[in-house]
Every structure is written in C-alpha cells, then in structure tokens.
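A.B. asks: I would like the entire structure built from these sequences, with the hints used as guidance.
So the sequence shown is residues 1 to 567, counted in my numbering.
Derived from the structure by calculation, the hints contain no laboratory data.
You may find that some hints are simply not true.
Here are the simulated DSS-like cross-link-like pairs (lysine-lysine), alpha carbons at most 30 Å apart as the crow flies [said to hold, decoys possible]:
(1) LYS404 <-> LYS345
(2) LYS441 <-> LYS229
(3) LYS334 <-> LYS437
(4) LYS441 <-> LYS201
(5) LYS437 <-> LYS342
(6) LYS288 <-> LYS425
(7) LYS209 <-> LYS241
(8) LYS261 <-> LYS209
(9) LYS209 <-> LYS404
(10) LYS241 <-> LYS229
(11) LYS288 <-> LYS175
(12) LYS441 <-> LYS334
(13) LYS441 <-> LYS342
(14) LYS395 <-> LYS342
(15) LYS345 <-> LYS395
(16) LYS437 <-> LYS395
(17) LYS261 <-> LYS276
(18) LYS441 <-> LYS425
(19) LYS101 <-> LYS65
(20) LYS334 <-> LYS404
(21) LYS62 <-> LYS261
(22) LYS395 <-> LYS288
(23) LYS261 <-> LYS288
(24) LYS62 <-> LYS404
(25) LYS404 <-> LYS425
(26) LYS155 <-> LYS271
(27) LYS241 <-> LYS276
(28) LYS261 <-> LYS271
(29) LYS115 <-> LYS261
(30) LYS241 <-> LYS288
(31) LYS395 <-> LYS209
(32) LYS209 <-> LYS288
(33) LYS288 <-> LYS342
(34) LYS101 <-> LYS175
(35) LYS395 <-> LYS441
(36) LYS276 <-> LYS288
(37) LYS441 <-> LYS349
(38) LYS241 <-> LYS271
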Amino acid sequence: MGIISGIGKNFRSISRYNQILKVLIKYGFEDFVDYLEESKQYTFLQKLIPKASRKHASQYSKWAKMRLVCEELGPTFVKFGQILSNRPDLIPLDLAIELEKLHDNVPPMPEDVAKQIVETELNDTVENLFAWFEPTPFASASIAQVHRVTLHSGKRVALKIQRSGIHEIIAEDIKAMYRIAEILESRMPSLKSFDPVGLIKNFEDSILKEIDFINESINIQRFYNNLEKDTSLDQFAEAPKVYPTLTTTKVLAMEFITGIKINQIAELIAKDIDTKVIARRLTTSFFKQIFEYGFFHADPHPGNLLVLPNNHICYLDFGMMGSMLPRDIAVFGKLFINISNKDVKNIIKTLQQLSNNAPISNMRDLELDINEFVEKYYVREVHENEMSTILLELKDIIIAHGLKVPTYFFLFARSLVTLEGVISKLDPTLEQFEIVKPFLKSSVTKKFSPIKMGKKVANSILEITDYMEEFPSDLKNAIRKINSGQIKVDLTHKGVDPVIRTLQRITKQLIAAFIMVALIIGASLFIVFEIGTLWNGISVLGMASFALAVILGFGMLSNIKKGDYDY
Numbered sequence: 001m002g003i004i005s006g007i008g009k010n011f012r013s014i015s016r017y018n019q020i021l022k023v024l025i026k027y028g029f030e031d032f033v034d035y036l037e038e039s040k041q042y043t044f045l046q047k048l049i050p051k052a053s054r055k056h057a058s059q060y061s062k063w064a065k066m067r068l069v070c071e072e073l074g075p076t077f078v079k080f081g082q083i084l085s086n087r088p089d090l091i092p093l094d095l096a097i098e099l100e101k102l103h104d105n106v107p108p109m110p111e112d113v114a115k116q117i118v119e120t121e122l123n124d125t126v127e128n129l130f131a132w133f134e135p136t137p138f139a140s141a142s143i144a145q146v147h148r149v150t151l152h153s154g155k156r157v158a159l160k161i162q163r164s165g166i167h168e169i170i171a172e173d174i175k176a177m178y179r180i181a182e183i184l185e186s187r188m189p190s191l192k193s194f195d196p197v198g199l200i201k202n203f204e205d206s207i208l209k210e211i212d213f214i215n216e217s218i219n220i221q222r223f224y225n226n227l228e229k230d231t232s233l234d235q236f237a238e239a240p241k242v243y244p245t246l247t248t249t250k251v252l253a254m255e256f257i258t259g260i261k262i263n264q265i266a267e268l269i270a271k272d273i274d275t276k277v278i279a280r281r282l283t284t285s286f287f288k289q290i291f292e293y294g295f296f297h298a299d300p301h302p303g304n305l306l307v308l309p310n311n312h313i314c315y316l317d318f319g320m321m322g323s324m325l326p327r328d329i330a331v332f333g334k335l336f337i338n339i340s341n342k343d344v345k346n347i348i349k350t351l352q353q354l355s356n357n358a359p360i361s362n363m364r365d366l367e368l369d370i371n372e373f374v375e376k377y378y379v380r381e382v383h384e385n386e387m388s389t390i391l392l393e394l395k396d397i398i399i400a401h402g403l404k405v406p407t408y409f410f411l412f413a414r415s416l417v418t419l420e421g422v423i424s425k426l427d428p429t430l431e432q433f434e435i436v437k438p439f440l441k442s443s444v445t446k447k448f449s450p451i452k453m454g455k456k457v458a459n460s461i462l463e464i465t466d467y468m469e470e471f472p473s474d475l476k477n478a479i480r481k482i483n484s485g486q487i488k489v490d491l492t493h494k495g496v497d498p499v500i501r502t503l504q505r506i507t508k509q510l511i512a513a514f515i516m517v518a519l520i521i522g523a524s525l526f527i528v529f530e531i532g533t534l535w536n537g538i539s540v541l542g543m544a545s546f547a548l549a550v551i552l553g554f555g556m557l558s559n560i561k562k563g564d565y566d567y
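C.D. replies: Structure below.
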C-alpha cells in the first residue's frame, strides 16, 4: 500500500506540474516554459489547448495575463500573487498593481460537507453545538467560507470553515513551485540574487499560517486586546471577539457584527453618518496601530471595514497582519520627521538603521537622489503629499541603491495605498500628515521618557552586577584550563601599564556616569511625583539629587582633562 500511495502522490505532483505548464502556454508564456523544459516535451501540451482559448488570452496585456494565470491555477497561486503584490522590491510596479486585482472565483462547499467539517473538528453534532446553522454561507473564498450560526445562549456567531482538502491542494502546489524555483535558479543565474527558492519558502510559511485558524484567532485576540487597553479619547476602532472553545485549526468562531460597509457612501449618508468624521477616525485608528501598538491590519480594503451605529469602525479578516519592533517604530517616526525637516543626512541614517546598517556603494548618488526626493516633496501641494506616495517614491530609491528594509515597510506602504483609496471617497480633503504628526513625535520622544531611561540604566547596572558576580568563577575556570594545559599563553610585556591605567580610568568614569544618570532620573521622578519634603512646591530630594549629579559631572570633566597622568 505504501508503494502504491507513493506512486499516486508522485503522479499527482507530475500531473499538477504539467497543468501549470499548460496554463502558462495558454496565456502565451512559451519562452518561460522553454526555460523550465529543455527537452521540449511541452510541445505536446500545446496541442491540448484549443486555438480559441489562446486567441482569447492574446487580447490581454502581459501583466494581466500573469494575473489570469494565478486565478486559473487556483487558491495557492492567487495567494502567492497577492503576497507578491506586497513586494515591489522584487517585481515591476505595474505587475504589483495588476496582482492587487486578484480575486477568488469558486463556488461554496455544500451544506452537508461544511457541517461534517464542523462536527469532526468540534467533536459534536451541529444540533448540539448551535441553535441555528445558516445553510448558505454569506461569504465564500478559495480557502474558507463563513456561515451565520446562533448559539443556544442566543448569541450570533460568524463561523469560518476551511474548505475540504485545501491543505492537500496547497501542499501539492508548493511542491510544484519549489520545482519551478529550483529549475529557474539553476538555468537563469540572473535570478539567483532574488533567491526564488527562499521566496517560495517564505510563501510556504505564510500560507501555512493563514490556513491555521488558531493563528488567525491569536491575531484577532491580540488586535482586540490592543484596542481594549487603549483608553484614550480618540480610540474608535473595534474587532470581533473570538470563541476559543469553538475554534480549531479548521474552524474559527467569532462574534457576528452588523454594520455598513465603509464604501457604501449613500447608505452611510442615509443613516446620518458624517463620512468626514469616519475618514478622520479611520486614519487615526490606523496610525495608532503603527506607532502605538506596533501591530497593524495589513489589508484594510472596504470589505474588511464596517461602520457601526456608534460611528466606530470594526476591522474584519485578520489573516494578513504586520508587526513592528518598538525600535523600528521609533526609527520609522524619525524617518518621516527627517523628511518633513528636509534633513537628507538623517534620512539616509534612518534608512541605514532600517536596513541593519547595510553598506552603501555610492553615498554621493544616494544623497543626490534623497535630496531630489525631498525637494519634489516640498514643492507639491499639501493635499498631494499622501504618505503612501512618499513611501513608494522612497521605495524606488531604496531598491535602486540595494538597501534592504524589513517586510513590514512594504506591507505598510501597500496597506496605506488601500486605506487612502477608502479615505478619498469618505473625505477627499483630509490631510493625513496633520493627523499623523503627533504620533510621529511621540514615537521618537517615547524612548527618552524618564521611566524608560531609568529602566535602561537599572538593567545596565544589573548586567554589570551579574558580570562581576560571574567574573571570579570565570577566572577560576580559565586558570584551571591553563594549569591543565588546555590553554597556552605567550605574553610579551610591552607598554601594558599605560593601557591598564587608561582602562581603570574609563571604568571609573563609566561607573560615575551610570550613577549620575540614575541621580538625574531619580531627581526627575522625585520632582514630577512630588516625593518627600517640598520647598516652594519642589521636592527637596529631587533638588539634592540634581545637585549631586552636577557635582559628579564637574568631577568627571576635571578627571577627563587630567588624562592618564593623574595615576
């Protein structure tokens, strides 16, 4: 049975690979297939394609044909195309725009199949689980479909059910993709820099996460928690609750939320909802996700945004999310501040920070390009300075100079383009930059807050303490190794004393600096929170700490001026 099963799997893989070649030939990509099949066996496949089909395909542009190839090959290739549309550093912009139009066109699963999946996953009958199960899904796509259900408690739930056999289909498609990538990498050396096999590996990781509904439920809960913790007055976003007991890798149960799709302008106006208010709230909500939460919805198209009766905005579909480290949030904020200040040198510095200090081959050319970019940005009208335009133009410079930036950069740019399309219909006059400015400033100043700096100093002191505790045992271990002959030392004494004196002086100054910073932070906290005895409304402890820090600072300066000769 194992041999027969193996033969069956191998046959399916070969069959799928040939089907991919057939679709490529149908849309006129014979040259591409020629790279894949040097044996010219694909000429047989050409005879299987009706002339009418090939003639019909010839009316489309090259990029449109690529989109149609993805759609015809099914869900895996549709998802691959959608992910590629987020990587304008790898593909031409026109192709990225075309791939954004990709959509699924598949009929929903029959009711009995959907129910069987639910019962298998949740180990109970649909009748026991729900008071009512909607026979026809209200939303359907290539990977899953969504049914309305009612719990016995009366709560309405949106139940997302994964398509039967989709995991196996994706697995076979990924095998074919790996085969194509490996062939292209070996036969087209120019593609090696794009790492086709690595690209497929990243896609595999991404799509396997997407078809694991536990992962999506974690995204929803994380997003929901961020909104719940935000008690500020400008928090107008919502997300559905997850029902963990009714959620598995193939079934996802969420709170059913009723609202108006954000692009239904006439319906919003009919309900006396001010679209300008909604536009401002949507913009504020999105920038909060970027600069405060560090976790953002990366696919905010109209189908994923509902306007609720309380004028709040509810996000849906959390399969594609972007995540940023606190350090990157601060760097990102600095980037936009430097652009608004026309600070070319610091723009380059922040781009280097984003790209992990990648080397720049031609600094002069980069400076010229950034300067040109900044000047163009400043001569435009204010309403034309969309942030997506800034990011996309900056993206071209980044690619041209071989700088690598994190994936979230492109996710942010793409989601911003989508968002601006929604906002332009709600309020064409909205100036995004005025809304984002406070977020940019706070993202940069946040890391200089007394509490954060105090924590950093405390952590540094703890690290030094840990090191000092471990030093004797490390020294003993080193001596044992020397005595046992494991380490041999050949030491020549040449001018070591001055080096030792310098190291001693530096160590003293570092310790003094840590104490001085701790005193300043402590003083700030004493004064801000009015701790201890007050004199004219100012903490005496705070003033004393500041005075000690100043005395210590003067002592350090005096010591530095003396140099090494004071020992």
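A.B. asks: Among the hints numbered above, which are violated by the structure, and what are their numbers in rising order?
C.D. replies: 4, 11, 21 and 25
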